[in-house]
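Kindly produce the complete structure, drawing on both the sequences and the hints.
Protein sequence lines, in the order shown, are assigned to chains S and L. Under our numbering, the residue at position 171 of the first sequence is numbered 507, and the numbers go up by one with no gaps. Under our numbering, the residue at position 215 of the second sequence is numbered 234, and the numbers go up by one with no gaps.
These aren't lab readings, by the way, just hints derived from the structure by calculation. Think of the CB as a built atom: it goes at the ideal place given N, C-alpha and C, for glycine as much as any other residue. Errors might be hidden in some of the hints.
Claimed, not checked - Here are the simulated lysine to any residue pairs, SDA-like style, with alpha carbons at most 20 Å apart:
hint, chain 1, residue 1, chain 2, residue 2
1, L, Lys-56, L, Glu-127
2, L, Lys-150, S, Glu-876
3, S, Lys-903, L, Arg-129
4, L, Lys-183, L, Gln-130
5, S, Lys-903, L, Tyr-96
6, L, Lys-150, S, Gln-883
7, L, Lys-246, L, Leu-284
8, S, Lys-903, L, Leu-97
To be verified - Chain L side only, calculated, beta carbon under 7 Å to chain S, not exhaustive:
hint, residue
9, Leu-98
10, Ala-100
11, Leu-227
12, Gly-228
13, Gly-231
14, Asp-271
15, Gly-274
16, Ser-278
17, Ser-281
18, Ala-282
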Amino acid sequence: MAAAMPEAAADTAAAMRLERQLGGRPELAARFATARGRVRRALGATVEDVWALRVRALYEVNAGPAVLAALYELEARLLPGAEAETVFALWDNARVLCRHAGARAALAALAAVGSGLPHGGTGTGEAARLAALAGLAARAPDAVMPLLEVFDELARTLDPAGLAGWIGDGLALHPTDRRRRAAYFRLIDPLARLRLAERAGAVRYAPHEERLRRLTRALFGFEPQVHLVAEPALSRTRLAGGLLLMPARFDGLGGADAARFFEAAMLHAAAHRAFTPALFAPAGMKPVQRALVALLEDARVERLAVARFPGLGRLWRGFHTVPASPAQTIPSLFARLARGLADPAYEDGDGWIVKARDLFERAFAREPQRQGFVTEIARILGHDLGQLRIPFDGRSYRVEPAYRDDGLGLFDQDEADPSATERLELTVEAARLRQEERETAFPDPPPEPPETTSARPRPAPPADEPGEILALYPEWHPALRADQPDHVTVRLYPAVTVTAAALEDRLQASRSVGARIGALVRRARLGRPDRLRRRLDGEEIDLEAAQDALQALRAGVMPDPRIHALKRRQGRDVALLLLLDVSQSTADPVPGEGETVLSTAALSVALLGQALDGLGDPFAALAFASNGRSDVRITPVKRFAERWTEALPRLAALRPAYSTRLGAAIRHGAAVLAPQASHRRVLVVVTDGEPSDIDVEEEGYLAADARRAVVQARGEGLDVFCVALGPAADRAGAAVFGRRNTFGVSRVAELPQRLAGLYFQLTVR
Amino acid sequence: MSLDHFRMAEEPFYTPVAGEIALFEAAFHEHVPLMLKGPTGCGKTRFVEHMAWRLRRPLVTIACHEDMTAADLVGRYLLEAEGTVWRDGPLTEAVRHGAICYLDEIVEARQDTTVVIHPLTDERRVLPLDKRNELVAAHPDFFLVISYNPGYQSAVKDLKESTKQRFAAIDFGYAEPAREAAIVAQEAGIAVEVAEKLVRIAIASRNLGGHGLEEGASTRTLIRTGKLVARGIALADACDMAIVAPLTDDRDTRGALRSVVSACL
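Have a look at this one:
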C-alpha cells in the first residue's frame, strides 16, 4: 500500500519509530496504521509526521490503548471537515490531561467532549472544551473528575470560552481547598451555579425590574411582588398568592427579546391578579383538565386586559409563533390552541382546536367575567382528548409560550388531592426555599440584648417573615475580581415603635452636651444675610452705584445699569445620611456607663438629630444589620421628609442583632442619598468593627466589597466617612474608608459630643 | 394708567367641572381671596382667564419664581436722568386700578416674599409701600387669586400657615375620562376616539404620580399631543414627543411610559 503512494517516501522518523515501538503489539500497530492512513488522506503527508509525533508523545505518557482509541474515534468522525490545528489540539490537550490527571480522567474527558459530536464537524468547539479541561488538569488535577460528572449540563449551558471562564472562576475562588473546589466543580456550591448563570450570559430579570414595576403600576394600579428563584425545575413564572416567582434564568431567550419577554410575562401575571379573582378548585380534575383550565384562563384574562389596553394583544401575540400543523400531540395542540385564542386571524383546521375555540368564543361573548365557564369547557375538551387517545404527560408538559405562568398558582392548593400534587409541592418548596436557607444558616434565635435599665420598654420580637425587598445589589468578589450581580437582597424592616420616654430622659440628662452642640449649630448657621451690591435686579437701589450712574448720566456717558442691591442668606447646602450599625456586637457594654454601644450611639444620633433640626440640613438615618446575603436588614430611623420628633421612638426601639454586611448597607445608603439635590451629600457610617456575616468565611471578602462600595459611592459624588467605635475599630474602618475619612472614637462614652463635633467639622467651611 | 390691555378680548374656552364658576363669583363679590388647588395643567389658569372675561375685569398674572422679590411685586425706585422715580409693580397696579391679580404657582416664591400680600387679604385690603411711605387702599374690584399645586412641593416649599388661612380654596382635578376626552378633542381638533386613547394613556401615567413621576400627564399635555396629531404626526410619535419625553429622563420610567403608550394604542 505504501508503494502505491508517492508520498510514502516522505515518511519520517517519528512515525517509523512509533511503529517500531508498537511492533510487539500488533493490535495497536494496526489501529495506528489505519488512523495514520486516514490522517494522510485528509490532511496530507506533510501533516502526517507532525501528527505522528503527537501520537507518540501521548503514547509515552502512558496514555494506554483506550485513550488512543478514543482519539482515533474522534478523528474518524471529524476528519473530513476538521483542520490540522484542531486535530493537533485534541492530541496535545489529551496529553496534558493524561500527564496531570491520569489516563482515566483523560478518557472520561474525551468521552464527555466527544459525545454527540456529529460526523464531519469542524471540531473546534470540542477542541476548545478539551483545552479548557486540560487547563484545569494542569492547575487542579483533582477537580477534573468532579467536573466531568456535570459536564453535560455545562456543555449545554456554556460555550467553550464560557466553560474556560467558569473553570477559571472556580480556581480563583478555591485555589487551595480541595473539598470546596470539588463542590464547586460538581455544581454543589451555590456560587458555582451563580457563576454558571453569569457566564452563560443568562437573561436576567433584574435590569427590567424597575421599568416593569412602574409599567404594572401605571396600567393596573398595583405593584408586582416578584421573587427570584434560582431553581432549575422552575422553567416558567409561577403565581404564588400575591407573589410572582420568577426563574432567575430563561433558556433560549435572546438578549434583544428580553425586554419584551419580561414585559409580556409581568403583564400576564398582572392580568391574572386583576381578572382571576378566585382560585380554581383542583379536586376531581385530571392533570390534563388542570392544564386546560390554566390555558383557557390565561386566554380569558388576556382578552379582558386587551379590551382595556389593545396594545397588549400585539405584545402577547408576538410570542405565539407555533404554525398550524396536523400534529396531534399535547404540546402542539395546546400551543396552537393558545395561539388560536390569542390571535383571531390564526387558522387551524384541527377539529379539536376548532371546537375549543368555538366553545370559548361563545362562552366569553356571553359572560367574559365569569371564571367558571373555563372549568366547564376544560372538562369537555379534556374528555375529548381522552376519546382521541392523546396521552398527556404532566411531567414533561411545559406551558407555551414561555412568558405565561405555569398555571399551578391558579389552583387552590389546600384542596389539591395529594396523589397528583407533586408539581404543586414545588410551589410551596420554592416559596419555602429562602426560609430554610435562613433557618439552617442560623439555627439559634438571635440572643436578646442584655437588659440595662429595667425602665426600658421591651420591643416586640422581630417577625419571622422576611421583610419587603427594597433592592438587590451586586457584591464584589475579590478573588474573581468581578461583581456578582444581584447578589445581596436588602429588605425593609420597619422599626417597632416604642415610647421614647427613656431616650428623652437621657437627652434631658445630656443637656450640657446638647448646649455645646447648640453652640456649634449657631456657628454653622450663617445668620447674617449677605448684601449683594451692583445687581441688575434687586429690592432696593444701591446708593453708591446710583450716584455713579447719575454722574455718568450728567457727564453724558453710558451709565452702568447695575444699580440695585439685594439681601440674600447664603444657605448651607448639606444633606446627611447616617448609617447606624445595629449588629449583635453593638450589644457590648460601654465601660463605666451602664449603657451598650448601641444605646450610646442612639443617644448620639438623637443629639445630632436635634442639632440638625435647628440647622435645617436635610437628614436621614438608617439602621442596618444582616443575616446572610439574602437578608440585609434596613430599618429606617428617619427619612429625609420626616420631622425629627417622629424618629425618636424608632431610635429608642433599635436593638442589636445579626451581623454587619457593610458593603450592601453602603450601597443602599448611597442609593437613598444620591437623589438628594444638595450641593454636598455626606454619608456617615457609625460602626463598631469589621464587616462580617454568617454566610461568609473568606477573610477580607466583605471588607473588599465594602471598600468597593465606598469607591462607587464617592464616584457618585458622595462624601463617605466612618465613625469607628471602640479601641480597635478605627483600623478596620481605615481599611475600608481610608485613614483620612475614618474617625476613631475609642472611648464610646465620648461619642455623643464627638459625633456632632465631627459632623460640623466635616461640613462647615 | 389704564389696565385695558389686561382685559380679555375673547372668551377663553372653559368647560366647568362642577359649581366652580358660582363659587368664584361669590368669592369675588365678597372679597374673599381665592386659592386654586390642583395638579399641573388641569385648567386652573384657564379658569381664572375665563372668570376675568366673565366678570369683565382686567387680569394681571404673575408667574412666581424662586428669585422673585417683594419689589418685583409691589414696585421699586428706578433711576432716571433727574433722579429716582417710583414705578408700581404689577401687584400695586392691580390694587390701584381694580384688576384680578393672579399669582401663579405661589409656592415657588420664597415665603418672606409672599407675606407682602397679607394686608391685602384681610379686612384692611391695603397694600403698604414702605419704601415710598404710602398705603394703597385696594380698589373695590381688586381680587386676589393664587394657584397652589399640592402635588409636588416639599416641606421646604409650602405655604406658611398664616398665608394659607387667609384664602378660600377651590379644588381642581382632572375631569372624568369622558369629559376630559371631549375637552381634548375640542381643544386639539381631533376625533373623540383618538382623544379617548390619549386620556387612557394619561390615566395610566397618573398612576405613577409619586412612583417615578412627580405627576402624570396633564390635560394640557394631552391637548398639545392632540394638536401634533391634528397636524398629521403619527399618534405614537406625538405621544413620545409630547408626553413621554417631557415627563421624565429616568430610563426605567421612560421605558415604562413607552410601553404604556404602546399598550393603550
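Tested hints:
1. Lys-56/L with Glu-127/L: holds (14 Å)
2. Lys-150/L with Glu-876/S: Given that 20 Å is the threshold and the Cα spacing comes to 9 Å, the pair holds.
3. Lys-903/S with Arg-129/L: At roughly 13 Å apart (the allowed maximum being 20 Å), Arg-129/L and Lys-903/S satisfy the hint.
4. Lys-183/L with Gln-130/L: Holds - the C-alpha atoms of Gln-130/L and Lys-183/L are around 11 Å apart, at most 20 Å.
5. Lys-903/S with Tyr-96/L: holds (16 Å)
6. Lys-150/L with Gln-883/S: Holds. Lys-150/L to Gln-883/S sits at ~19 Å (cutoff 20 Å).
7. Lys-246/L with Leu-284/L: Roughly 17 Å between the alpha carbons, so the hint for Lys-246/L and Leu-284/L holds.
8. Lys-903/S with Leu-97/L: holds (18 Å)
9. Leu-98: holds (6 Å)
10. Ala-100: holds (5 Å)
11. Leu-227: Hint on Leu-227/L: holds, closest Cβ of chain S at ~5 Å, below 7 Å.
12. Gly-228: With a minimum Cβ separation of about 10 Å from chain S (threshold 7 Å), the hint on Gly-228/L is violated.
13. Gly-231: holds (5 Å)
14. Asp-271: Since chain S brings a Cβ to about 4 Å from Asp-271/L, closer than 7 Å, the hint holds.
15. Gly-274: Because about 4 Å separates Gly-274/L from the closest Cβ in chain S, which is inside the 7 Å limit, the hint holds.
16. Ser-278: Holds - the Cβ of Ser-278/L comes within 7 Å of chain S, reaching about 5 Å at its closest.
17. Ser-281: Holds, about 4 Å.
18. Ala-282: Holds, about 4 Å.
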